[in-house]
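Asks: As given, the protein sequences belong to chains A and B, one line each in that order. Just so you know, the first sequence maps onto residues 5 to 698 in the working numbering. Just so you know, the second sequence maps onto residues 5 to 698 in the working numbering.
The hints are simulated quantities; they were obtained by calculation from the structure and are not laboratory data. Treat the hints loosely; a few may be bogus.
[Unchecked claim] Pairs of lysine-lysine residues, derived as DSS-like cross-links and limited to a Cα-Cα distance of at most 30 Å, are as follows:
id, chain 1, residue 1, chain 2, residue 2
1, A, Lys-662, B, Lys-67
2, A, Lys-669, B, Lys-63
3, A, Lys-338, A, Lys-121
4, B, Lys-26, B, Lys-583
5, A, Lys-662, B, Lys-63
6, A, Lys-600, B, Lys-338
7, B, Lys-450, B, Lys-362
8, B, Lys-67, A, Lys-690
9, A, Lys-489, A, Lys-338
10, B, Lys-67, A, Lys-669
11, B, Lys-26, B, Lys-662
12, A, Lys-338, B, Lys-514
[Stated by the list, open to error] Listed next, with one range per pair, are the computed distances between beta-carbon atoms:
id, chain 1, residue 1, chain 2, residue 2, range
13, B, Gly-609, A, Val-8, 39 to 47 Å
14, B, Lys-614, A, Ser-280, 17 to 25 Å
15, A, Asp-255, B, Pro-632, 34 to 42 Å
16, B, Cys-277, A, Pro-50, 52 to 60 Å
17, B, Gln-130, A, Pro-50, 55 to 63 Å
18, A, Asn-511, B, Gln-472, 34 to 42 Å
19, A, Gln-140, B, Asp-223, 35 to 43 Å
20, A, Pro-228, B, Ser-325, 31 to 39 Å
Virtual Cβ for every residue (Gly too), placed ideally from N, Cα, C.
2 protein chains.
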Amino acid sequence: MEGVDHLAHERNKTEFDVDAMKIVWAGSRHAFELSDRMARLVASDPVFRKDDRTRLGRKELFKNTLRKASHAWKRILELRLTGPCVITEEEAGQLRNFVDEPSFTDLHWEMFVPAIKGQGTDEQQQKWLPLAYKMQIIGSYAQTELGHGSNVQGLETTATFDPETDEFVINSPTLTSSKWWPGGLGRICTHAIVYARLITNGQEHGVHGFIVQLRSLDDHMPLPGITIGDIGMKFGNGAYNTMDNGVSKFDHIRIPRNQMLMRVLQVTREGKCVQSNVPRQLIYGTMVFVRQTIVANASTALSRAVCIATRYSAVRRQFGSQDGGMETQVIDYKTQQSRLFPLLASAYAFRFVGEWLKWLYTDVTQRLQAKDFSTLPEAHACTAGLKSLTTAATADAIEECRKLCGGHGYLCASGLPELFAVYVPACTYEGDNVVLLLQVARFLMKTVSQLDSGKKPVGTTAYLGRVQDLLRCCCDVQRDEDWLKPGVVLEAFEARSARMCVACAKNLSKFENPEDGFAELSADLVEAAVAHCQLIVVSKRKGEPDLTPATARGESDHHNKDEGFIDKLQQDIPGKGVKQQLQNLYYIYVLNLVHKYLGDFLSTGCITPKQASLANDQLRSLYSQIRPNAIALVDAFNYTDHYLGSVLGRSDGNVYPKLYEEAWKDPLNDSVVPDGYHEYVHPMLKQQLRNARL
Amino acid sequence: MEGVDHLAHERNKTEFDVDAMKIVWAGSRHAFELSDRMARLVASDPVFRKDDRTRLGRKELFKNTLRKASHAWKRILELRLTGPCVITEEEAGQLRNFVDEPSFTDLHWEMFVPAIKGQGTDEQQQKWLPLAYKMQIIGSYAQTELGHGSNVQGLETTATFDPETDEFVINSPTLTSSKWWPGGLGRICTHAIVYARLITNGQEHGVHGFIVQLRSLDDHMPLPGITIGDIGMKFGNGAYNTMDNGVSKFDHIRIPRNQMLMRVLQVTREGKCVQSNVPRQLIYGTMVFVRQTIVANASTALSRAVCIATRYSAVRRQFGSQDGGMETQVIDYKTQQSRLFPLLASAYAFRFVGEWLKWLYTDVTQRLQAKDFSTLPEAHACTAGLKSLTTAATADAIEECRKLCGGHGYLCASGLPELFAVYVPACTYEGDNVVLLLQVARFLMKTVSQLDSGKKPVGTTAYLGRVQDLLRCCCDVQRDEDWLKPGVVLEAFEARSARMCVACAKNLSKFENPEDGFAELSADLVEAAVAHCQLIVVSKRKGEPDLTPATARGESDHHNKDEGFIDKLQQDIPGKGVKQQLQNLYYIYVLNLVHKYLGDFLSTGCITPKQASLANDQLRSLYSQIRPNAIALVDAFNYTDHYLGSVLGRSDGNVYPKLYEEAWKDPLNDSVVPDGYHEYVHPMLKQQLRNARL
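Could you put the whole structure together from the sequences, leaning on the hints where they help?
Replies: In structure tokens, the structure reads:
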């Protein structure tokens with residue numbers, strides 16, 4: 005059965021050009037070719053094997069990660085020198101992604117280096133970046149403490165300037181001030197950016213970053229005054245246990261003054277604080293960048309899970325056999341389709357909104373360089389909200405995909421338990437999802453409150469400028485196919501969000517103290533924020549330039565170049581049938597939201613129960629249309645079997661023999677009679693405990 | 005700080021008698037004392053230590069489980085002989101529960117023994133049960149195969165009668181017929197009930213159970229013709245990896261004819277099949293039993309997670325500090341309350357509906373003995389539905405509790421990752437949750453279709469007898485406190501369920517072939533089933549005996565003795581303030597459902613948007629009322645710190661020092677310079693890969 009494609013009958017049903025869809029998914033031909041090349045390179049290298057990962061104990065697992073990280077670095081260096089073309093930093097990042105194993109290098113490249121770039125002065129960058137680029141030092145990012153996560157301003161670590169020696173004294177005054185969580189800190193990093201409260205001349209000046217050397221570059225021993233270790237096991241087999249998230253305490257250790265990152269605020273030789281002419285807002289630009297990466301990663305994780313569940317749903321047969329024939333493929337059950345296909349549609353939706361966010365980041369960066377901060381609050385709210393929305397949905401979806409695989413989804417061999425365990429922290433790091441939604445809500449309430457004063461909302465909040473219309477409008481769906489009109493869908497989502505925002509604002513106005521109101525109504529506010537963020541995913545489209553203040557329009561008009569879902573549908577898309585599939589996916593995404601959040605739509609009067617029922621009818625019809633293309637739609641993600649890491653999701657569908665084969669690799673199968681049998685089980689069977697009344 | 009109660013300020017706020025609530029939670033004083041004694045016995049025994057579990061590799065972990073199982077058995081035997089009172093089977097089961105580690109003994113006691121009791125003839129019981137009771141044999145339950153789970157009738161293993169030798173030949177004809185999943189099968193069990201298609205004289209007679217010896221009782225080697233092993237790693241650290249779920253293939257192995265379980269169907273010496281006079285329906289009684297246990301376990305798992313999240317939410321402080329004072333406890337945030345308190349309320353709700361199911365099982369058993377099968381379909385649908393509802397809600401809730409603990413919830417030390425990983429299979433085993441809901445839906449559609457013919461629905465479907473009223477009724481909530489009337493709540497839930505059922509029935513009637521309709525509308529049918537099951541949890545109360553057919557009334561009137569939530573509220577409950585707390589929890593459970601399933605209530609016109617908004621107002625007010633009692637309400641579960649197994653959920657609230665202490669136990673902290681550093685990291689830092697262009 006080796007070499008046979010057990011899903012060929014599925015692939016034969018495909019009604020569109022899969023290769024063209026691969027380009028759409030990747031974003032461009034170049035992006036496709038790059039990721040294809042890197043994925044194959046990793047998959048073909050035996051060092052990057054990962055099918056044994058969930059069976060390894062912590063030490064063995066960790067050592068293996070070090071081996072892979074070192075090998076990946078070696079491959080990157082080789083490719084720079086001898087590859088078919090010189091590898092770029094982006095390509096090197098792709099290679100690391102496909103290794104698909106969290107390690108200290110993640111923090112080094114994704115947090116340590118960008119922090120120096122973003123917060124370091126030119127001289128600091130010149131000194132530290134070359135060392136970091138060559139990995140002559142390995143850095144972590146030490147912000148979170150045992151007692152403080154979301155509330156960064158509450159961090160307890162102190163950095164006190166000592167004018168006598170021109171040094172900062174870094175100290176952990178309490179147990180809860182111990183740095184806790186930074187990846188790579190536990191056993192590997194030589195340096196870290198440590199965030200601490202700056203104190204000079206007895207005065208506090210907020211939280212800032214300091215470059216602190218943690219370990220000797222010679223023998224790797226922690227430097228004097230530094231207590232440092234790994235914080236212990238985390239969720240799942242393999243998963244994030246390949247990473248040495250660490251704890252560290254500082255006992256009055258000293259660093260030179262020039263190791264405070266001083267791009268924004270400088271401390272002089274005398275200990276005076278001087279604001280530089282670099283705007284503080286720059287850090288928001290970095291947040292937009294980090295969060296757009298998280299949104300992109302959400303679509304990746306979600307699509308992996310969906311790929312596994314979709315393929316296995318086509319392989320698995322259960323019930324429905326008549327006259328001894330084949331049983332029904334579980335993907336043919338409407339219950340399976342109604343759970344699986346909306347997740348497939350979400351994977352595509354998040355992919356496209358992620359592409360759009362990339363553009364938003366470029367736009368914001370250009371504006372920042374031109375000292376135009378006008379779109380920053382909106383961009384910040386937008387990325388915060390999408391980070392929350394996509395990570396929460398993805399975490400839930402991975403577990404749902406696991407359940408859709410029935411019992412076998414519970415085996416590590418399915419790949420889904422590890423994918424879940426490694427993914428879920430995304431709901432918490434870089435902004436707890438609920439805290440972020442409250443930030444979005446705060447921005448929305450501010451936007452609504454300013455409507456009367458004539459301030460025009462921009463970008464993703466532009467629709468609130470038409471709030472009077474949206475409070476009045478009526479959905480004019482009369483037949484189920486009316487739900488396939490983009491205008492109808494958009495208006496329903498805009499009206500829902502606008503009405504929920506206005507209702508919240510009205511309820512808030514009943515409180516004397518607005519902060520009390522915000523606290524009391526926070527659960528409602530979170531729901532309004534979710535409605536707004538779903539609208540963004542649904543509506544990313546050519547902006548309404550007339551609503552954008554003229555001053556805010558530079559070379560690249562805000563929201564002018566879009567890569568959102570609805571925008572994709574308005575382009576000419578090459579490839580037979582591709583556009584049709586994207587349309588079907590779009591409406592599945594949209595109408596499933598209408599169904600799932602029906603309470604919102606009905607309670608705000610945006611649609612009627614009858615229209616809701618028509619949306620359901622349309623949804624069922626779309627499931628039938630997607631069904632024959634389901635396998636091809638997950639093939640379009642172009643994942644190698646190595647990257648998927650799932651027996652259930654194998655591209656050739658040859659699931660059962662491989663599952664059987666895999667079982668025997670478990671250490672418990674090393675011996676026929678297990679260790680402990682003679683000591684504990686045999687005496688039980690032989691009643692050597694028999695002197696009891698039974 | 006040892007010995008200090010960091011949650012004392014919380015416990016001082018309590019407005020009710022916690023000891024009295026402990027009795028309510030346990031079900032009776034006797035039940036409380038029993039579980040309290042067993043929990044302490046296990047907690048105080050160092051062999052049952054489990055805080056190192058998530059750090060152990062598979063072999064070490066498994067050996068340790070064997071040790072614990074053997075030790076538990078020894079303790080049980082000792083207690084039978086010398087304990088303060090003679091231990092019963094129920095008490096022995098409690099002791100095993102508190103050991104809190106899945107092992108082969110679970111299958112032995114919970115599946116192997118009951119299967120012989122339920123399906124074995126008297127002679128078979130006399131032969132096998134004493135061996136099993138003394139653990140001279142250890143049994144598993146081998147039903148599921150690699151290719152078949154839910155569809156038991158599709159199992160492929162065969163048992164062919166050979167009249168020459170008076171034996172059955174057990175055979176695995178295909179790879180997919182390999183037995184797959186049975187706990188204890190992998191490395192330990194000596195015997196199993198193997199389910200196989202019975203074939204005699206060339207004819208098939210359905211699937212039956214056969215007692216098959218797997219391993220030698222002398223040297224534990226698999227018997228000839230049997231291939232057997234462990235199926236490999238499953239989700240999570242520790243978790244179910246303590247269990248040797250197994251795979252086995254049979255190559256024409258032979259067992260004596262009298263090892264087929266023949267209580268219902270007998271195979272004679274000549275190979276003829278003879279139906280006994282024992283009704284087949286008996287097996288449904290067993291299913292009711294198993295599923296009521298699962299519902300009880302759901303409330304246990306959920307309450308553990310809620311206990312951890314509630315205590316840690318009172319310990320954790322974040323934001324809101326003014327003038328350098330303490331920050332706000334996260335439990336005081338409405339966003340936290342609106343996620344946490346409904347889960348606390350669900351724990352209590354599931355506990356009480358579980359108690360009611362115990363009664364239902366007793367009732368069904370008595371009726372079966374009297375050959376009264378009239379209530380069986382309803383009881384079966386009811387337990388299937390509640391199994392699905394409570395396990396799905398509990399799995400989601402554990403993960404939600406983990407998220408409510410912020411970043412630290414991701415550490416194994418929080419106890420929540422393992423609780424989740426060990427719990428989630430409950431959504432799949434003993435009936436996949438969606439398959440079960442479809443069974444409920446089928447029963448509901450049948451009930452609705454028989455209304456016209458005058459057949460009165462019984463028990464939990466009795467309300468459908470008033471369907472005409474329920475289609476017409478209007479909710480008369482005008483102020484938020486109107487939502488605190490039991491009649492109002494019940495009518496809203498009855499109307500919602502009835503209207504959804506009727507709508508489904510109407511849509512089904514449009515199909516020529518009812519099975520096509522059922523398939524096409526299955527997602528809607530599942531939603532109607534959920535609405536019905538939620539009604540059961542909300543409404544368990546004194547039945548309506550006038551609706552129960554006279555013939556169906558025996559000694560114990562159906563639904564006469566209730567232990568449901570609403571029923572508890574109608575009793576006199578001893579203990580200051582206990583009743584008030586239960587009422588608050590009840591309405592939180594109910595009104596949160598109204599909010600979460602608002603689409604159902606609005607689209608069926610059961611309530612208005614205005615009434616929905618009033619329900620939300622009332623919900624917020626209830627959160628404020630529960631808040632000061634939250635810690636005491638989780639204290640009432642009476643869990644030992646050992647059983648909880650969570651640093652975050654410690655009873656004394658001394659979280660951070662213990663978390664810090666726990667970290668150092670990780671194997672990665674055994675050496676300051678980790679294994680692999682010299683080989684892989686040092687060369688990187690020292691640029692021994694330097695011959696590259698950088």
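Asks: All the hints need checking, so say for each whether the structure fits it.
Replies: Structure-based check of all given hints:
1. The straight-line distance between the Cα atoms of A/Lys-662 and B/Lys-67 is roughly 27 Å, inside the 30 Å bound, and the hint therefore holds.
2. A hinted pair counts as satisfied when its Cα atoms are at most 30 Å apart, and A/Lys-669 with B/Lys-63 qualifies at roughly 13 Å.
3. This hinted pair does not check out: A/Lys-338 and A/Lys-121 have alpha carbons roughly 51 Å apart, beyond 30 Å.
4. At roughly 13 Å between alpha-carbon atoms, B/Lys-26 and B/Lys-583 fall within 30 Å of each other, so this suggested pair holds.
5. A distance of roughly 23 Å separates the Cα atoms of A/Lys-662 and B/Lys-63; the hinted pair therefore holds under the 30 Å criterion.
6. Restraint check for A/Lys-600 and B/Lys-338: satisfied, since their Cα atoms lie roughly 23 Å apart, inside the 30 Å limit.
7. Restraint check: the Cα-Cα separation between B/Lys-450 and B/Lys-362 comes to about 26 Å, which is no more than 30 Å; the hinted pair holds.
8. Between the alpha carbons of B/Lys-67 and A/Lys-690 the distance comes to roughly 19 Å, so the proposed pair stays at or under 30 Å and holds.
9. With a CA separation close to 24 Å, the supplied pair A/Lys-489 and A/Lys-338 stays within the 30 Å bound.
10. This hinted pair checks out: B/Lys-67 and A/Lys-669 have alpha carbons roughly 18 Å apart, not beyond 30 Å.
11. Only pairs whose Cα atoms come within 30 Å are accepted, and B/Lys-26 paired with B/Lys-662 is accepted, the gap being roughly 27 Å.
12. Pair hint A/Lys-338 plus B/Lys-514 holds up; C-alpha atoms about 18 Å apart against a cutoff of 30 Å.
13. Take B/Gly-609 and A/Val-8: their Cβ atoms lie about 55 Å apart, and the range 39 to 47 Å is violated.
14. One distance hint, 17 to 25 Å for the beta-carbon pair B/Lys-614 and A/Ser-280, is violated here, with the actual separation near 55 Å.
15. The given range of 34 to 42 Å is respected by A/Asp-255 and B/Pro-632, whose C-beta atoms sit roughly 40 Å from each other.
16. At roughly 56 Å, the beta carbons of B/Cys-277 and A/Pro-50 sit within the given window of 52 to 60 Å.
17. In this structure the hint that B/Gln-130 and A/Pro-50 lie 55 to 63 Å apart at CB holds, the actual value being about 59 Å.
18. Taking 34 to 42 Å as the suggested C-beta distance range, the pair A/Asn-511 and B/Gln-472 conforms, at roughly 38 Å.
19. The beta-carbon spacing between A/Gln-140 and B/Asp-223, approximately 59 Å, falls outside the hinted interval of 35 to 43 Å.
20. At roughly 33 Å, the beta carbons of A/Pro-228 and B/Ser-325 sit within the given window of 31 to 39 Å.
Of the numbered hints listed earlier, those contradicted by the structure are 3, 13, 14, 19.
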